[in-house]
Amino acid sequence: MSHDSRSELYQQVIIEHNKNPKNFRKIPSPTHEAEGYNPLCGDHLHIYLHVKEPGGVIEDVSFEGDGCAISKASASLMTASLKGKTRQETEVLFDQFHRLIKGELRPDKDPNVLGKLSVFSGIWHFPARVKCASLCWHTMKGALEKVKTVTTE
Amino acid sequence: MDLDIQRIRQDFPNLHVSVHGKPLVYFDNAATTFKPRVVLEAMDGYYQKYTSNVHRGVHELSEKATAAYEGARGKVQKFLNARDAKEIIFTRGTTESINLVAYSYGRHSLKPGDEVLISEMEHHSNIVPWQMLREEKGCVLKVIPFNDQGELIYSEFEKLLTAKTKLLSIVYISNSLGTINPVQKMIKAAHGRGALILVDAAQAVGHRRIDVQDLDCDFLAFSGHKLFGPTGVGVLYGKAGLLNKMPPFHGGGDMISSVTFEKTTYNTLPYKFEAGTPAVAEVIGLGAAIDYVLSIGFDRIEACEQGLLEYGTRALQKVPGLRLIGTAKEKVAVLSFILPGVHAHDIGTLVNDEGIAIRTGHHCTQPVMQHFGVPASSRASLSFYNTTAEIDRLVEALLKVREVFP
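In order, the protein sequence lines correspond to chains Y and E. Numbered according to my numbering, the first sequence terminates at residue 294, and the numbering increases by one at each position without gaps. Numbered according to my numbering, the second sequence terminates at residue 1548, and the numbering increases by one at each position without gaps.
Hints may contain errors.
With a Cα cut of at most 16 angstroms, we get these calculated EDC-like pairs of lysine to aspartate or glutamate [stated by the list, open to error]:
| id | chain 1 | residue 1 | chain 2 | residue 2 |
| --- | --- | --- | --- | --- |
| 1 | Y | K226 | Y | D201 |
| 2 | E | K1284 | E | E1257 |
| 3 | E | K1327 | E | D1356 |
| 4 | E | K1164 | Y | D145 |
| 5 | E | K1327 | E | D1358 |
| 6 | Y | K160 | E | E1545 |
| 7 | Y | K282 | Y | D201 |
| 8 | E | K1542 | Y | D145 |
Over the 10 angstroms line for every Cβ pair with chain E, so calculated as not near, a few chain Y residues [as the list claims (entries may be wrong)]:
| id | residue |
| --- | --- |
| 9 | T172 |
| 10 | V192 |
| 11 | P248 |
| 12 | V288 |
Distance ranges between label pairs, derived from CB positions [unchecked claim]:
| id | chain 1 | residue 1 | chain 2 | residue 2 | range |
| --- | --- | --- | --- | --- | --- |
| 13 | E | A1305 | Y | T172 | 31 to 37 angstroms |
| 14 | E | V1180 | Y | E286 | 54 to 60 angstroms |
| 15 | Y | T172 | E | G1483 | 47 to 53 angstroms |
| 16 | E | K1253 | Y | E157 | 55 to 61 angstroms |
| 17 | E | V1159 | Y | T172 | 35 to 41 angstroms |
| 18 | Y | H239 | E | Q1152 | 42 to 48 angstroms |
| 19 | Y | S148 | E | R1198 | 54 to 60 angstroms |
| 20 | Y | P169 | E | P1482 | 29 to 35 angstroms |
| 21 | Y | L181 | E | E1472 | 47 to 53 angstroms |
| 22 | E | N1223 | Y | D207 | 44 to 50 angstroms |
| 23 | Y | L181 | E | E1452 | 28 to 34 angstroms |
No lab work stands behind these hints, which were simulated from the structure alone. Note that the Cβ used here is the ideal one computed from N, Cα and C, for glycine as well.
This is chain Y alone, in the form it adopts within the complex (with noise of 0.2 angstroms):
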């Protein structure tokens, strides 16, 4: 069973968060930052988050870098929905993200949160791509847990 990358990919979500990536700036004074890698295609990004403590809410988190339309829309969307979150669900929201890329995960069936992250329902047909997704979650994490550099391989 072929999938194809038009219909279950690059939807027009994708090609919007791409063109016209929302929080694609650098925050002045970032209380937690990381850079993230991907060896394998050279996706680069650099996440930066504003935390603010006690409570640990996201007050404000961005992105900077270079990477292929899946990489970029999926930073993009990852910094809209982490804003006003709070550790807690940002965890949360990892980990069905991964589950969701994975496969595990179907959106239309098992209860979650995910919102318009769902768009990446279709990446798990292309395993090569999944790394794209999942590259500025990952980076976030490592910024959090105070990582400076996280790389995919």
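With chain Y held as given, fit chain E onto it using these hints.
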């Protein structure tokens, strides 16, 4: 003397598969080539009728396998026009061949301050072994730059080549740019300075006739799988005088004459460098691949591929904004390109929908990508079994990519 492409395509079973319900267009020949049926049959014949180890038994099957294995060595010798079959060492591939020279020659002959000269367009496999050697031996790595067409800057090569240069390790044909380097001229110049020369012929071997005596290189490396043969087998050619002086690379069976716990004496060439059971089936397959290629002939292969290169270079200009990476005067049918605003991996995935296989990424030549200031490129690498109709399909697919990414 045009090639009957449709007849030739019948020799390659893998050309006739479907991807996404469309006939496959295979434009990733620089990564690996397809194998003609005769290669598959030669390997199958060994596994079905005379499986056995080589150089060991006196039984019928072992003798038959040894004869086939050594017969393949003879074919490689003739193919490269080496003086002697013992100058042909079977390895796992180009990478291992280069590492053999780095470890066996480099480790024992290079001293701190000695220079190894490579170029900016080397595959990582002709960069990293020398960097590892640099760490260990304190030798110096120098790099010949190329211009924006992807041609080596010869005057820079002449400046970098000095009495300190002990080894010039140079790619014959670039995998990411398609450039054919003037290796013969460079070899002569390097010999004039007393340096040895290793030629990385991984990409050259399927496209150009190679004569090691005419080139006068000291070492030459290639892989079977880029010559329509199987993966897992490669060749290191070396001048016998040099190979005799070099210590073994790996220790084990077949590379010894006698072993006691006090002392081991090594076998003679080429066995000194072939420790352990070799890839017997693959070597036999490589021999069959050489027979096949020679039956077509490099004159015809070259003419056919140049036709594809010219057609492809023109056809790709129909795609708005497309920029070719690598426009050397002397090049093979490698069409690397970027589409501004579209990442190579998105191009790769989208053209795959149309049944087209191209390589996207850095092609194991990150310095080449850095030269052009791009993280990645797309590459269509063609072989004589490809057609202009297939190029048209790539152009159509790229126009569709432009629709997705206007």
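Hints, verified against the model:
With a C-alpha separation of about 10 angstroms, the suggested pairing of Y:K226 with Y:D201 holds against the 16 angstroms cut-off. Restraint check for E:K1284 and E:E1257: satisfied, since their Cα atoms lie roughly 7 angstroms apart, inside the 16 angstroms limit. With a C-alpha separation of about 11 angstroms, the suggested pairing of E:K1327 with E:D1356 holds against the 16 angstroms cut-off. Taken as a hint, the E:K1164 and Y:D145 pair is honoured in the structure, with Cα atoms around 12 angstroms apart against an allowance of 16 angstroms.
For the proposed pair E:K1327 and E:D1358, the alpha carbon gap of about 10 angstroms is at most 16 angstroms, so the pair holds. Of the pairs offered as hints, the one joining Y:K160 and E:E1545 holds, with about 14 angstroms between alpha carbons and a cut-off of 16 angstroms not exceeded. Between Y:K282 and Y:D201 the CA atoms are separated by roughly 15 angstroms; this keeps the pair inside 16 angstroms, and the hint holds. A distance of roughly 13 angstroms separates the Cα atoms of E:K1542 and Y:D145; the hinted pair therefore holds under the 16 angstroms criterion.
Under the 10 angstroms C-beta cut-off, the non-interface status given to Y:T172 relative to chain E holds; the minimum distance is some 29 angstroms. At roughly 30 angstroms, the least C-beta separation between Y:V192 and chain E is larger than 10 angstroms, which holds for a residue marked as non-interface. The Cβ of Y:P248 lies farther than 10 angstroms from every Cβ of chain E, with a closest approach of about 22 angstroms, so its non-interface assignment holds. Y:V288, annotated as away from the interface, keeps every beta carbon of chain E farther than 10 angstroms; the closest lies near 23 angstroms.
Between E:A1305 and Y:T172 the C-beta distance comes to about 57 angstroms, which lies outside the given range of 31 to 37 angstroms. Checked against the hint of 54 to 60 angstroms, the pair E:V1180 and Y:E286 passes, with Cβ atoms roughly 56 angstroms apart. In this structure the hint that Y:T172 and E:G1483 lie 47 to 53 angstroms apart at CB is violated, the actual value being about 34 angstroms. Between E:K1253 and Y:E157 the beta carbons are some 60 angstroms apart, a value that agrees with the proposed interval 55 to 61 angstroms.
E:V1159 and Y:T172 have their C-beta atoms about 53 angstroms apart, which leaves the hinted 35 to 41 angstroms range violated. Against the hinted window of 42 to 48 angstroms, the Cβ-Cβ separation of Y:H239 and E:Q1152 comes to about 47 angstroms, which satisfies the hint. The given range of 54 to 60 angstroms is respected by Y:S148 and E:R1198, whose C-beta atoms sit roughly 58 angstroms from each other. The hinted window of 29 to 35 angstroms between Y:P169 and E:P1482 holds, with their beta carbons roughly 30 angstroms apart.
For Y:L181 paired with E:E1472, a C-beta distance near 31 angstroms fails the hint of 47 to 53 angstroms. For the hinted restraint 44 to 50 angstroms between E:N1223 and Y:D207, the CB-CB distance of approximately 47 angstroms keeps it satisfied. Take Y:L181 and E:E1452: their Cβ atoms lie about 33 angstroms apart, and the range 28 to 34 angstroms holds.
The structure does not agree with the numbered hints 13, 15, 17 and 21 stated previously, though it agrees with the rest.
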